[in-house]
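Enquirer: Residue numbers (the UniProt record's numbering), protein chains in the order written: chain A, 1 to 335; chain B, 1 to 335.
Keep in mind that the hints were calculated from the coordinates and are not lab data.
Honestly, I wouldn't trust all of these hints.
The list treats identical chains as one, so a pair stands whether inside a single copy or across any two.
What the hints assert, rightly or not - Derived SDA-like pairs (lysine to any residue); straight-line CA-CA distance at most 20 Å: (1) 160 <-> 230; (2) 35 <-> 5; (3) 103 <-> 274; (4) 247 <-> 264; (5) 160 <-> 251.
There are 2 protein chains.
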Amino acid sequence: MITISAWAAKEKGGLLKKFTYQSEIRPLETLVKVKYCSLTRGDIRFIDNFWGDIVYPVVPGLEIIGVVEETGSEVKNLKIGEYVGIGYQIGSCFKCEYCLSGKEQFCASQKVIPINGYGGLAEQIIVDYRFCFPLPKNLQTPEAAPLMCSGLTPFSAIRKAGVKRGMKTGVVGIGSLGHLTIQVLNKIGCDVTAFSHSKNKEVILNKLGVNKSSSSTDDKELSRFVRKFDFIISTSSASLNWDQYLKALKPNGTLCFVGLPPENISFKAELLADYAQKIILGSYIGSRKDMKDLLKFAAENEIKAVANIFPIKGINEAIEKMRNSEIPFSTVIVV
Amino acid sequence: MITISAWAAKEKGGLLKKFTYQSEIRPLETLVKVKYCSLTRGDIRFIDNFWGDIVYPVVPGLEIIGVVEETGSEVKNLKIGEYVGIGYQIGSCFKCEYCLSGKEQFCASQKVIPINGYGGLAEQIIVDYRFCFPLPKNLQTPEAAPLMCSGLTPFSAIRKAGVKRGMKTGVVGIGSLGHLTIQVLNKIGCDVTAFSHSKNKEVILNKLGVNKSSSSTDDKELSRFVRKFDFIISTSSASLNWDQYLKALKPNGTLCFVGLPPENISFKAELLADYAQKIILGSYIGSRKDMKDLLKFAAENEIKAVANIFPIKGINEAIEKMRNSEIPFSTVIVV
Chain A
1 MITISAWAAK
11 EKGGLLKKFT
21 YQSEIRPLET
31 LVKVKYCSLT
41 RGDIRFIDNF
51 WGDIVYPVVP
61 GLEIIGVVEE
71 TGSEVKNLKI
81 GEYVGIGYQI
91 GSCFKCEYCL
101 SGKEQFCASQ
111 KVIPINGYGG
121 LAEQIIVDYR
131 FCFPLPKNLQ
141 TPEAAPLMCS
151 GLTPFSAIRK
161 AGVKRGMKTG
171 VVGIGSLGHL
181 TIQVLNKIGC
191 DVTAFSHSKN
201 KEVILNKLGV
211 NKSSSSTDDK
221 ELSRFVRKFD
231 FIISTSSASL
241 NWDQYLKALK
251 PNGTLCFVGL
261 PPENISFKAE
271 LLADYAQKII
281 LGSYIGSRKD
291 MKDLLKFAAE
301 NEIKAVANIF
311 PIKGINEAIE
321 KMRNSEIPFS
331 TVIVV
Chain B
1 MITISAWAAK
11 EKGGLLKKFT
21 YQSEIRPLET
31 LVKVKYCSLT
41 RGDIRFIDNF
51 WGDIVYPVVP
61 GLEIIGVVEE
71 TGSEVKNLKI
81 GEYVGIGYQI
91 GSCFKCEYCL
101 SGKEQFCASQ
111 KVIPINGYGG
121 LAEQIIVDYR
131 FCFPLPKNLQ
141 TPEAAPLMCS
151 GLTPFSAIRK
161 AGVKRGMKTG
171 VVGIGSLGHL
181 TIQVLNKIGC
191 DVTAFSHSKN
201 KEVILNKLGV
211 NKSSSSTDDK
221 ELSRFVRKFD
231 FIISTSSASL
241 NWDQYLKALK
251 PNGTLCFVGL
261 PPENISFKAE
271 LLADYAQKII
281 LGSYIGSRKD
291 MKDLLKFAAE
301 NEIKAVANIF
311 PIKGINEAIE
321 KMRNSEIPFS
331 TVIVV
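Same shape as in the complex, but just chain A (with noise of 0.2 Å):
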């Protein structure tokens, strides 16, 4: 048995605090030692039990760079020393049909942090080989943590979409998911305009390949667009005016929701077929090709987020600022 230290909530709401578990490396899992953790909204709202089915005390933490410590008997292709990549997904059943076709993230019987497991707010984890992503130099920061689960959910989205080059796209709210989301697109060769709340943001945006910006949630500005965009890209939580996002988009253009607001998404049905054949599309993070493929394309193209760095002994002052939406993009955990 090995005694990992992590920091967890041990309450509805609380702070985190140190905390020690026992587990032990079976023979396909991998003992992981933590050097970069990001602290995500998914995080926060784990520790708040937002959804209901925390049971704590939570080890966060679901974006996770480290470096391959120990292995256990049937693991492959993995270096002692290594540095990996691990995202909100740390295991499936590799049996069921989704398994079976390389979608693991569908699988109904998947393992996921910190639901299933303690997160990688911790000194160390183990976790099923077959989910930790090995690292191009490049990559081996605390800025491409982010890339695990933020910058996933969207690139898979992107892909299912068909997204291409030459394409006209839109990024709704622009914080952790969409700043990331503005470089995929970017890079892909699209034109990126950003929809956003805050106006103080466009100097970066700028830099990280937006070509113009809208008011998010301005109906006058908004309207400015009709049947304009192949894909519209929703990183928000926030409960927008979707008809008007609808409209902006072409005849077989696809709003894409990858921020899931609280409340319901409602629209006017004649906005999906009014001389059209528009998509509503849901994503939920990616397959381990679509992480492969991420990690390949952002590490060839330099996409990394932007974020605000903190020491672990910062960690409740980091999730004070988060609460207090003090941090316009990423935030990280040297560990």
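The hints should help you fit chain B onto chain A, whose structure is shown.
Expert: Frame of chain A, contents of chain B only:
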């Protein structure tokens, strides 16, 4: 100039009465002698000015079978005496990006019946020859008329959604569109479940290719279906509990709307993305290629409507019966 005898509603909700109008055959147009013309729910809505875009008198009739009587000077590939089908769309610009890519149904300056032209409840109709589709021998019957729109719309949607042999599919709302949709899915080789609020159609539905039936409105009955369907298509204009249908989809399934409820479509955002990458698709008629392919597919597979057939003098009786929901599937007028 040609004087055309038709049947028109002269005011909102009015009975259909004899009406004549003058027209001429331009170089790209064809004069068609109408043989059979359906009455659809859309026609009733046009008579009632449901969408607010009607100028009276309105001649309804947007699913037409007739015989070519005369052709304009630039018409190609149509012979006098040939049977043709005509649907909702009767013109497009043939210059925009959509027309040039064979998606004429998305053309912003398209012409449709009866907004941009008088419809098929007439002795004759003059239409751009590119929207007259030659009919195989076994589709030269009243029961083939509903294919022109009530068949085309789901056919195009089924294609867009990539529905294939062996898939589990559901059809919601079993009326004029629904009973044609069932036949198309059955002939593709899909397993078909019918979702309906009425229970008295089962015998005929089984003949058309339904494997199972379920209530479309009973949440308890619907809750038996979880992660079961690749494709569910709603031909209903009722507002149903869309959450139940989203739950019934497999993780990468599609919920398609070809019937458009007047109320907003509303659902829990997380149902699109919970271990899933689900699609909501709206669809509107089809391209000229879709129409040609549908007619070939329908002829080969003996797909046609279950129709209540009325002589032209019974037109107002037919409308009355449709308003009273006394006609279970299609209504066709012999002109």
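Enquirer: None of the hints should be skipped; say for each whether it holds.
Expert: Hints and how they fare:
1. Taking the shortest alpha-carbon separations for residue 160 and residue 230, both the intra-copy value of 13 Å and the inter-copy value of 16 Å come in at or below 20 Å.
2. For a Cα distance limit of 20 Å, the shortest separation of residue 35 from residue 5 inside one copy, 13 Å, qualifies, whereas the shortest one across copies, 82 Å, does not.
3. Proximity of residue 103 and residue 274 under a CA criterion of 20 Å is satisfied inter-copy only: 14 Å between copies versus 33 Å inside one chain copy.
4. Taking the shortest alpha-carbon separations for residue 247 and residue 264, both the intra-copy value of 19 Å and the inter-copy value of 15 Å come in at or below 20 Å.
5. In the homo-oligomer, the alpha carbons of residue 160 and residue 251 lie at most 20 Å apart both inside one protomer (18 Å) and across protomers (13 Å), since each shortest distance falls under that limit.
Going down the numbered hints, you'll see the structure goes against none, and every one checks out.
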